[in-house]
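A.B. asks: We have chain E already, so just place chain S on it with the hints.
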Amino acid sequence: MNGEQPNRPFVARAAVWYRRMQVMTVKEFLQLFRDTVVLGFMVYVFTMDVYLAGSGVSLELKNATTVVHDADQSASSRELMYRFRPPYFKLDGEIAHLEQGVRLLDQGEEMLALYIPPHFQEDLRNGKPTAVQLQVDSTNSVLGLLAAGYGARIVGQFGLEAALLRLGVAGDGQENLPIIQDDHRAWFNPNQNDAWFMSISELLTDITLFAIFLPGAAMVREKERGTVEQLLVSPLSPFQIMFPKILAMTAVILVGTALSLFAVLEGVFHVPLQGSLTLFFAVTTLYVFTTAGLGMFIATLARNMAQVGMLTVLIFLPMIFLSGAWTPPEAMTYWMRGLMYISPLHYFLDASFGILLKGAGLKNLWDSILAIVLIGSINFGLGMWRFRRQFQ
Amino acid sequence: MNMKRVVVVAHKEWREIIRDRVFFSLSFIVPVVMMLLLGYGLSLDVENIPFAVVDYDRSALSRDYTYRFIGSRYFAFKGYVSDERALARLLTENRVRAAIIIPEKFQERLLNDRPVRVQTLIDGTFPSRTMITKGYVIAINSAASQELLAGYLSRKGGMPLKEARQVLQPVSLEVRFLYNQSVKSIWSIAPKLIMVILMVSPPFLTALGVVREKESGSIYNIYASTVSRGEFLFGKVTPYIAISSFNSLVLWALATQLFGAPFKGNFLFYLTATFLYLICTTGIGLLVSVLVRTQIAAMMVTAIVTLVPGVLYSGVLIPITSLTKTAQMVAHCLPAMYYTNIVVGCFLKGVGLRVLWLDTLVLVLYATALFTLGYSLFHKRPSS
Numbered sequence: 001m002n003g004e005q006p007n008r009p010f011v012a013r014a015a016v017w018y019r020r021m022q023v024m025t026v027k028e029f030l031q032l033f034r035d036t037v038v039l040g041f042m043v044y045v046f047t048m049d050v051y052l053a054g055s056g057v058s059l060e061l062k063n064a065t066t067v068v069h070d071a072d073q074s075a076s077s078r079e080l081m082y083r084f085r086p087p088y089f090k091l092d093g094e095i096a097h098l099e100q101g102v103r104l105l106d107q108g109e110e111m112l113a114l115y116i117p118p119h120f121q122e123d124l125r126n127g128k129p130t131a132v133q134l135q136v137d138s139t140n141s142v143l144g145l146l147a148a149g150y151g152a153r154i155v156g157q158f159g160l161e162a163a164l165l166r167l168g169v170a171g172d173g174q175e176n177l178p179i180i181q182d183d184h185r186a187w188f189n190p191n192q193n194d195a196w197f198m199s200i201s202e203l204l205t206d207i208t209l210f211a212i213f214l215p216g217a218a219m220v221r222e223k224e225r226g227t228v229e230q231l232l233v234s235p236l237s238p239f240q241i242m243f244p245k246i247l248a249m250t251a252v253i254l255v256g257t258a259l260s261l262f263a264v265l266e267g268v269f270h271v272p273l274q275g276s277l278t279l280f281f282a283v284t285t286l287y288v289f290t291t292a293g294l295g296m297f298i299a300t301l302a303r304n305m306a307q308v309g310m311l312t313v314l315i316f317l318p319m320i321f322l323s324g325a326w327t328p329p330e331a332m333t334y335w336m337r338g339l340m341y342i343s344p345l346h347y348f349l350d351a352s353f354g355i356l357l358k359g360a361g362l363k364n365l366w367d368s369i370l371a372i373v374l375i376g377s378i379n380f381g382l383g384m385w386r387f388r389r390q391f392q
Numbered sequence: 001m002n003m004k005r006v007v008v009v010a011h012k013e014w015r016e017i018i019r020d021r022v023f024f025s026l027s028f029i030v031p032v033v034m035m036l037l038l039g040y041g042l043s044l045d046v047e048n049i050p051f052a053v054v055d056y057d058r059s060a061l062s063r064d065y066t067y068r069f070i071g072s073r074y075f076a077f078k079g080y081v082s083d084e085r086a087l088a089r090l091l092t093e094n095r096v097r098a099a100i101i102i103p104e105k106f107q108e109r110l111l112n113d114r115p116v117r118v119q120t121l122i123d124g125t126f127p128s129r130t131m132i133t134k135g136y137v138i139a140i141n142s143a144a145s146q147e148l149l150a151g152y153l154s155r156k157g158g159m160p161l162k163e164a165r166q167v168l169q170p171v172s173l174e175v176r177f178l179y180n181q182s183v184k185s186i187w188s189i190a191p192k193l194i195m196v197i198l199m200v201s202p203p204f205l206t207a208l209g210v211v212r213e214k215e216s217g218s219i220y221n222i223y224a225s226t227v228s229r230g231e232f233l234f235g236k237v238t239p240y241i242a243i244s245s246f247n248s249l250v251l252w253a254l255a256t257q258l259f260g261a262p263f264k265g266n267f268l269f270y271l272t273a274t275f276l277y278l279i280c281t282t283g284i285g286l287l288v289s290v291l292v293r294t295q296i297a298a299m300m301v302t303a304i305v306t307l308v309p310g311v312l313y314s315g316v317l318i319p320i321t322s323l324t325k326t327a328q329m330v331a332h333c334l335p336a337m338y339y340t341n342i343v344v345g346c347f348l349k350g351v352g353l354r355v356l357w358l359d360t361l362v363l364v365l366y367a368t369a370l371f372t373l374g375y376s377l378f379h380k381r382p383s384s
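Chains as they are written, first to last, in our numbering: chain E, 1 to 392; chain S, 1 to 384.
Same shape as in the complex, but just chain E (with noise of 0.2 Å):
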């Protein structure tokens, strides 16, 4: 009996403290599913914006609206003509007058034009060079480099063909010619679906987003309530009042994600989940509470709700741009690869894809999770540290 009165205070402290973590993480989630609007917004972007995100969008060169101005009117140039089509062209006739495209280029109705000069079929016969011109509305750079370098691959195609047949060697076939035959594969999306790649980027900035937005907001609202007040003169340390919050949020979390995983990335998109499902849930976990110390963070600065949105956008954003998703870190600047390698997001998005499309394994990917804790670490302390300073 003696011998236990010295553990006693220990054991009644421990089962005050987990008392008291268990009422403040019942009243997190008591909080969050009274909120419906916040409920509703978390569904919405779980399920509808990451459907959008995936459905609508595609990077690529499709269908570009293309008029011929076709001042040769013969079989040949007709041939080259029909071979600009589906799924990169889209032909929309023919023009009467060079200056009818400016116009029409002008007025965004047409992407591109081509013009096929006079004597072209007769040119094409003797062997006599000849060009033709194709004019493209490059507002938007990367398209307008793609329209060129299709357009250019077909004409090539097309001049090939016809010196060949000119020439008399094609009569024999390929099979006799030394050349090189392409053939190239994409592993891991073999069929060039953006669906899987927007859905899935997606869905991880929603995540992030989350992460560093709900805890901030639930926070300053306590504050702009006055129930932090409450808070302050309860028996609660900051660490009790902090990690119920995060926790909460991270379940709400982790249950949209699993949301968005199986009903729209595997239901309606058919991504095929390769790896190990809680390798990226045990990721995800760990992610989203270590980002959460950033909205613990920002709810320190901001004394009111429209501070905490903008601080967000201020935080998130570059987290966004500096991620690799948007921009190849084999294409950015020297600085700018230096500020990817601090953002989690980067290692985060690194791990996913790896998990989810790649089929990568903890063995694949110790080095980006090992970041992922460091860079969280750092975040997560850097939010306590300003939450206890600012309760004492």
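Rather than coming from a laboratory, the hints here were simulated on the basis of the structure.
Computed from a predicted structure; not experimentally measured.
Take these hints with a grain of salt, some might be off.
BS3-like cross-link-like pairs, simulated, lysine-lysine; straight-line CA separation at most 30 Å [said to hold, decoys possible]:
#1 S:380 with E:223
#2 S:78 with S:134
#3 E:62 with S:325
#4 E:128 with S:214
#5 E:27 with S:214
#6 E:62 with S:162
#7 S:12 with S:380
#8 S:156 with S:105
#9 S:156 with E:62
#10 E:223 with S:214
#11 E:62 with S:134
#12 E:128 with S:156
#13 E:90 with S:214
#14 E:90 with S:184
#15 S:134 with S:184
#16 S:325 with S:134
#17 E:90 with E:62
#18 E:223 with S:134
#19 E:363 with S:78
#20 E:90 with S:325
C.D. replies: Frame of chain E; chain S shown alone:
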């Protein structure tokens, strides 16, 4: 409508804004930071693609062929590996994004005038980058083939190599890039960024305007006062429109001076159209603010109606014609698309009201509709 009361309400709102120093400074900082980040960060050029090679042939020709990739500025050589198993690992771990597998008898077959199939593996995780990489691979392969064919012709037909090359390319393609002659990514992106930022930031500023008073209860002062609905709403949005107008000038200066985008159109027309667009986007914020009851909700609804459509359905990255039918409908219902036409027209194309009158008219109608809706939904005698 009594102008004096409008001014008073505007004055009160302005005071409130500048006294919240964090909010006030952020309302200017956020748009500029967004512009800088997106301008420097959203480079869609694909260069220095890391790649590895498996060379089963190890001949002079296969090395020459590999050098076509090594020498290209689009690819960055990461070394030879022994077999395909090692390649798979490199691709999975993101160390390379492309891999070339040169088969055995590469040289032997080519010297005997037989075709060779060369396999290229490309990381398909990021489809748009994969497409571009694929394009580069095809271009390098066809250049190599042309060269081999020209050698073949000069050997068989006895014509000089130079002539043989020319004969193989009877048709050349002259490409003329209109509007953005040097095809700079930033030239086409910078003007559209103004559109995106002005789509996102004014509603965010305004969205909390009315709802904040609802939450804090100070709205009852308005309910009880002589200020009419119209006077209140007009006074309320004026400071936000002023802030956004100033921001739009800063953004214009950043686009033209820092990013060097050309401005070919009429400045006065541009200013008028931008002002109209600002009224539209501010109106969206106002409408949200009138409709919802809490600040969190206001911010979330604003994010839904501005962020995603502003980026995806406005023609920044993807032209409207490439969108799916539903997405096109969404795009036509939002002001962003019309303003994109105007910005691109003013900056790059140098066209004015004559071509863009319809887009301008839509903005006018949109602004009118938003404010009418906001007015009719805001009541001084709330039902609940």
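A.B. asks: Next step is simple, just say for each hint if it's right about the structure.
C.D. replies: How the hints compare with the structure:
For the proposed pair residue 380 of chain S and residue 223 of chain E, the alpha carbon gap of about 28 Å is at most 30 Å, so the pair holds. Using a Cα cut-off of 30 Å, the hinted pair residue 78 of chain S and residue 134 of chain S holds, with the two alpha carbons roughly 18 Å apart. Annotation: proposed proximity of residue 62 of chain E to residue 325 of chain S holds, straight-line Cα distance about 13 Å (limit 30 Å). The suggested pairing of residue 128 of chain E with residue 214 of chain S is violated, with an alpha-carbon distance near 78 Å, which exceeds 30 Å.
With a CA separation close to 25 Å, the supplied pair residue 27 of chain E and residue 214 of chain S stays within the 30 Å bound. The straight-line distance between the Cα atoms of residue 62 of chain E and residue 162 of chain S is roughly 37 Å, outside the 30 Å bound, and the hint therefore fails. Restraint check: the Cα-Cα separation between residue 12 of chain S and residue 380 of chain S comes to about 19 Å, which is no more than 30 Å; the hinted pair holds. For the suggested pair residue 156 of chain S and residue 105 of chain S, the alpha carbons sit about 22 Å apart, so the restraint of at most 30 Å is met.
Our distance criterion of 30 Å between C-alpha atoms is broken by residue 156 of chain S and residue 62 of chain E, whose separation comes to about 42 Å. Restraint check for residue 223 of chain E and residue 214 of chain S: the C-alpha separation of about 17 Å stays at or below 30 Å, so the hint holds. A hinted pair counts as satisfied when its Cα atoms are at most 30 Å apart, and residue 62 of chain E with residue 134 of chain S qualifies at roughly 16 Å. Taken as a hint, the residue 128 of chain E and residue 156 of chain S pair is honoured in the structure, with Cα atoms around 21 Å apart against an allowance of 30 Å.
A C-alpha spacing of about 53 Å is found between residue 90 of chain E and residue 214 of chain S, which places the hinted pair above 30 Å, so the restraint is violated. Between residue 90 of chain E and residue 184 of chain S the alpha-carbon distance is near 25 Å, which keeps this suggested pair within the 30 Å criterion. For the suggested pair residue 134 of chain S and residue 184 of chain S, the alpha carbons sit about 21 Å apart, so the restraint of at most 30 Å is met. Taking the CA atoms of residue 325 of chain S and residue 134 of chain S, the gap is about 28 Å. The hint holds against a cut of 30 Å.
Distance check on the hinted pair: residue 90 of chain E and residue 62 of chain E sit about 8 Å apart at the alpha-carbon level, within 30 Å; holds. With a C-alpha separation of about 54 Å, the suggested pair residue 223 of chain E and residue 134 of chain S falls outside the 30 Å cut-off, and the hint is violated. Proximity of residue 363 of chain E to residue 78 of chain S is assessed by CA-CA distance (about 21 Å); at most 30 Å being required, the pair is judged to hold. In summary, the hint linking residue 90 of chain E to residue 325 of chain S is supported, as the alpha carbons are separated by about 16 Å, within the 30 Å threshold.
Hints 4, 6, 9, 13 and 18, counting from the list given before, are not met by this structure.
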